[in-house]
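2 protein chains.
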Amino acid sequence: MPVLVVGSVALDHIKTPTAEHRQLLGGSASYASVAASFFGDVRLVGVVGDDFPPQHTELFAKRKIDLTGLEVAPGKTFCWSGEYELNMNNRKTLSVELNVFETFQPKLPEAYRETPYVLLGNIAPSLQRSVCAQIRKPKFVVADTMDLWISIARPDLVALLKEVDMLILNDSEAKQLTEEDNLIRAGKKIVAMGPRYVAVKKGEHGCLLFGRDGEFFSTGAYPLETIHDPTGAGDCFAGGFIGHLARTDDTSFANLKEAVIQGTLVASYCCEEFSLRRLEILAEAEIAERRKAFGSYIA
Amino acid sequence: MPVLVVGSVALDHIKTPTAEHRQLLGGSASYASVAASFFGDVRLVGVVGDDFPPQHTELFAKRKIDLTGLEVAPGKTFCWSGEYELNMNNRKTLSVELNVFETFQPKLPEAYRETPYVLLGNIAPSLQRSVCAQIRKPKFVVADTMDLWISIARPDLVALLKEVDMLILNDSEAKQLTEEDNLIRAGKKIVAMGPRYVAVKKGEHGCLLFGRDGEFFSTGAYPLETIHDPTGAGDCFAGGFIGHLARTDDTSFANLKEAVIQGTLVASYCCEEFSLRRLEILAEAEIAERRKAFGSYIA
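Read top to bottom, the protein sequences are chains A and B. FYI, the numbering for the first sequence is 3 to 301, going by my numbering. FYI, the numbering for the second sequence is 3 to 301, going by my numbering.
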């Protein structure tokens, strides 16, 4: 089954304690669509400027991502600049230039409207809702979000929660959204707000998955000794998650658990290099290999 | 197989944002021996003062813990006073009165010397080493430790690491001991320092287990919505861990994984009430019940 990914496509400038890179391919839709492409067909909706480097478009094409929905607008591509601290967990945003993304209104090509599996990548909840209004008979819709939208667009986000099957966010965001200090209580509160499921990402500590009927799953991250750049890991988690659901066309809780694991594994590869450089050369067999090792790590 | 537990026996004064309790039964050996007692016979080595409340001794007796090695010295029992912040993760020590513990030298009764499974609870590494010198032909020796000893007794701790099969410590302590920011590298460095295995506790995020031959296991904590008092949870983890090993008399890595889970479950009960109040009324069947639920939470 195909996957629809809507989100940002960006040029990232990233500083870590050991390196600095400019004009990297970034954005929630870029990471998520490439991650999902390891599992089947992907349709991308986003916007870039006329400065978007052709090699980035080629990467999408190489991953056989359908770019019918990738709008090219006059002007500059959305640009994010950030810096990581020594522990690679704490990150500060140095600058955000929205550029063509400022007026982005996702428009789904007619052929995309009946895509059964949908990932609303991390963009403003009002835009995510406008996608919900355009899709027909989806089987499973996942929305990703971030602290910014909880702070500045809470009513839209709360409305979105009633329109999607699952929310993905990280632990501090789950606490922020629910004003709960305990993550288990926070997860339960979120599924009571609308979505059937919520995945709470905890970075190096893995992920918790909650279902509205009391279902629960907890898994660690894949053990990595070196993290070159965690940017996009959360988007890759979401992309791998929805990709696995679409490939198996099975939305049982047992299969959501496996989707969490597949997302975790793709995210682990993402952290090994800057931008999408590791995923660019990743083979499906490597995901399967890491899955086998992970099986012995968690049970 | 019996378990030998050596450590502190204390009277704790604990403040949380919602409650305050004095003269609670505490100390690493108290928590660990009661936790281990759910799995089989336990022998305790420690010291108390002549003020030690009889009801605390009765609790040990009720759990059928052998107290031949519990010395009663003239003077006051070791007393620890601490306060938890609202999130129940951050704790500050308000006062420490060593009292009779100041001159404690663990002396193993002759009948204890050939105990096959040994837990060196969290006390000074020099004392833990003196126990190693007194035991004969142990099958598996686990040492627990804390930040204080890494700071003030590092040479003793480093020497101890070559004399035990496994070290237990928490994530920040693993980083402190190895001067590594990445927990996976930290774990690998510790097993290279001597112990065959290391368990790195991460509180609400669960536990990582490393083996010297590259073995690895990662598990989450049991999901708890309310934590009344996390004091002693780490000691209960250690007690449940060694208790399970002793009951099964199996030190394979597959069984160490199960021991981590059993320790996790006993620790989860510990957090539900102050001191040992929950473990005092805990039934073995409740551990089995939580084990069954946990199985579906992690796989």
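Take these hints with a grain of salt, some might be off.
Given that identical chains are not distinguished, each listed pair holds provided it fits within a single copy or across any two copies.
[Said to hold, decoys possible] Keeping only pairs whose Cα atoms sit at most 25 angstroms apart, straight-line, the calculated DSS-like set for lysine-lysine is:
id : residue 1 : residue 2
1  : Lys177    : Lys94
2  : Lys191    : Lys17
3  : Lys259    : Lys109
4  : Lys177    : Lys17
5  : Lys259    : Lys294
6  : Lys190    : Lys294
7  : Lys17     : Lys109
8  : Lys64     : Lys177
9  : Lys78     : Lys190
10 : Lys294    : Lys164
11 : Lys259    : Lys141
12 : Lys94     : Lys191
13 : Lys139    : Lys17
14 : Lys294    : Lys94
15 : Lys64     : Lys139
16 : Lys191    : Lys109
17 : Lys78     : Lys164
No lab work stands behind these hints, which were simulated from the structure alone.
Tested hints:
no.	hint	result
1	Lys177 - Lys94	both (20 angstroms within a copy, 23 angstroms between copies)
2	Lys191 - Lys17	neither (36 angstroms within a copy, 28 angstroms between copies)
3	Lys259 - Lys109	neither (32 angstroms within a copy, 50 angstroms between copies)
4	Lys177 - Lys17	between (28 angstroms within a copy, 24 angstroms between copies)
5	Lys259 - Lys294	both (15 angstroms within a copy, 17 angstroms between copies)
6	Lys190 - Lys294	between (31 angstroms within a copy, 21 angstroms between copies)
7	Lys17 - Lys109	neither (33 angstroms within a copy, 56 angstroms between copies)
8	Lys64 - Lys177	neither (39 angstroms within a copy, 41 angstroms between copies)
9	Lys78 - Lys190	neither (41 angstroms within a copy, 46 angstroms between copies)
10	Lys294 - Lys164	neither (36 angstroms within a copy, 33 angstroms between copies)
11	Lys259 - Lys141	within (17 angstroms within a copy, 38 angstroms between copies)
12	Lys94 - Lys191	neither (29 angstroms within a copy, 30 angstroms between copies)
13	Lys139 - Lys17	neither (42 angstroms within a copy, 54 angstroms between copies)
14	Lys294 - Lys94	neither (35 angstroms within a copy, 42 angstroms between copies)
15	Lys64 - Lys139	neither (29 angstroms within a copy, 62 angstroms between copies)
16	Lys191 - Lys109	neither (32 angstroms within a copy, 52 angstroms between copies)
17	Lys78 - Lys164	neither (34 angstroms within a copy, 60 angstroms between copies)
The structure is inconsistent with the numbered hints 2, 3, 7, 8, 9, 10, 12, 13, 14, 15, 16, 17, although it conforms to all the rest.
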